[in-house]
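Undergrad: Sequence:
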Amino acid sequence: MKKINEQEAILNELYNLILDRGTREWERQFLLESKNRIEQGETSLSAELSRLESNLRPLALRYNLTPQVTLFYQKISESKLFGRGVGGIL
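Residue numbers for the sequence shown follow the numbering used here, beginning at 19 and rising by one.
Think of the hints as simulated: they come from the structure by calculation, not from any bench. Check the hints yourself; a few may be wrong.
Ranges of calculated distance between the beta carbons of each label pair, as one might list FRET restraints [stated by the list, open to error]:
1. I36 with N82: 15 to 25 Å
2. G59 with R80: 31 to 41 Å
3. K93 with E51: 30 to 40 Å
We treat Cβ as the ideally placed atom computed from N, Cα and C, and that holds for glycine.
Generate coordinates for the entire structure from the input sequences, incorporating the hints supplied.
TA: Structure (structure tokens):
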């Protein structure tokens with residue numbers, strides 16, 4: 019039950035970021051691809067968030083993300099949703 023609520027919350031955040039007028043087109047593309055893969059069950063939530071975090075990382079390191087996407091990036095990169103290897107091991 020908790021995992022479903024967690025997935026719903028993440029999907030809601032993705033929807034909001036996709037619809038946000040301040041989100042850049044290339045950010046929107048990454049977010050939309052992730053949302054679609056999660057909804058279609060192509061990948062697990064943790065695997066997809068790991069992929070999204072990996073795609074956004076170079077942009078985040080150059081401070082090239084919009085403020086709302088930056089907050090989302092920080093949330094997923096600092097969380098332990100990924101399991102071992104990412105998010106909270108360093």
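Undergrad: Hint by hint, say whether it matches the structure.
TA: Hint-by-hint comparison with the structure:
For I36 and N82, the hinted distance range of 15 to 25 Å is satisfied, since their beta carbons lie about 18 Å from each other. Distance hint check: the CB atoms of G59 and R80 are about 33 Å apart, consistent with the given range 31 to 41 Å. Evaluation of the 30 to 40 Å hint for K93 and E51 yields a failure: the beta carbon distance comes to about 18 Å.
Checked against the numbered hints listed earlier, the structure breaks hint 3 alone; every other hint is satisfied.
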